[in-house]
Amino acid sequence: MRGCCNVPELPEVETLRRGLQAHLLDQRIVAVAIANPKILKGQSEAEFRDRAVGSRILRVDRVGKHLFLPLSSHTSSKDSSWALHVHLNMRGSLRLARGESEETGGHRCLTLVLEGGQSLHYHDVWGWGEVRAVSQSERPALGPDALSGTWDGDVLLKRLGARRSPIKSALLDQSVLGGVGNIYADEALHRAGVLPTRAASTLGKGEADGLAGAIRSTLAEAVASGGSQGEFVDLWGETGRFVPKIYDRGGQPCPSCERPLEKIRLGGRGTTYCAHCQE
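Take the sequence shown: its position 112, counted from the start at 1, is 112 in our numbering, and no numbers get skipped.
Treat the hints with caution; some may be incorrect.
Okay, derived cross-link-like pairs now, DSS-like style, lysine-lysine, Cα gap no bigger than 30 Å in a straight line [stated by the list, open to error]:
(1) Lys-263 with Lys-245
(2) Lys-158 with Lys-205
(3) Lys-78 with Lys-41
(4) Lys-205 with Lys-263
(5) Lys-205 with Lys-245
If you're looking for bench data, these hints aren't it; they were derived computationally from the structure.
Input sequences plus hints: build the corresponding full structure.
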């Protein structure tokens with residue numbers, strides 16, 4: 001993808017979740033190394049260590065683009081009140097290594113040293129992401145997970161409400177729907193035949209149903225491909241295989257009608273669409 005800063009969206013984070021789920025369950029965190037405290041987002045290093053070190057990772061959950069790793073209590077295998085919250089934001093990545101010192105790339109911000117000899121490294125070139133140990137009340141407020149069965153076209157219409165903002169901007173609001181970002185919004189809107197600049201409040205029920213289905217099918221295809229090609233890499237440094245047909249392809253032929261795709265700035269984000277196929 002030309003000029004692509006491939007931000008991790010739901011399919012990329014789900015790819016990481018599956019890898020973490022397969023390798024980290026019941027692993028005890030024995031130490032933490034923090035190279036860039038900025039990613040703790042105001043939590044002190046002492047508090048992070050106190051909540052995390054000595055706990056076991058019980059499972060790996062995902063809501064939208066956010067990962068939550070519930071932890072056991074320090075003294076038993078039961079749930080504690082804490083979970084690791086990981087948000088990759090623009091350029092964060094997670095890498096799994098056999099030991100704390102194994103090289104996994106630059107800009108390492110934090111390392112979790114695990115009992116079995118593995119280490120989980122968080123890298124972030126800008127330090128805009130987040131790794132914290134949080135309580136339930138400290139978790140961010142997010143909309144329904146975009147890949148879950150908890151929403152449909154009717155729910156989408158209700159959550160959009162009377163918004164006059166462009167439909168694409170509304171989809172990028174994680175309080176409306178969790179997990180859709182720039183890449184998959186362009187793909188799903190084209191698949192549903194909806195112009196990204198349309199006011200969100202103008203969608204009818206049939207269009208909302210079609211858009212809900214397009215979002216789900218687009219995300220499911222990308223998850224099955226391990227995320228998009230580009231800068232994103234999984235736990236072992238491998239890129240995804242999903243190739244967007246619309247995103248960042250302004251001037252190239254529309255895959256449906258072969259007319260040139262148009263690219264504009266919308267809400268500060270590059271947005272690609274077909275003026276003929278989307279209305």
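Results of checking the hints against the structure:
For the hint pairing Lys-263 with Lys-245, the CA-to-CA distance comes to about 13 Å; that is within 30 Å, so the pair holds. Distance check on the hinted pair: Lys-158 and Lys-205 sit about 10 Å apart at the alpha-carbon level, within 30 Å; holds. Among the hinted pairs, Lys-78 with Lys-41 is consistent with the structure: their alpha-carbon atoms are about 27 Å apart, no more than 30 Å. Under the criterion of a C-alpha separation no larger than 30 Å, the hint pairing Lys-205 with Lys-263 is consistent with the structure, at around 27 Å.
At most 30 Å may separate the alpha-carbon atoms for a hinted pair to count; Lys-205 and Lys-245 meet this at roughly 26 Å.
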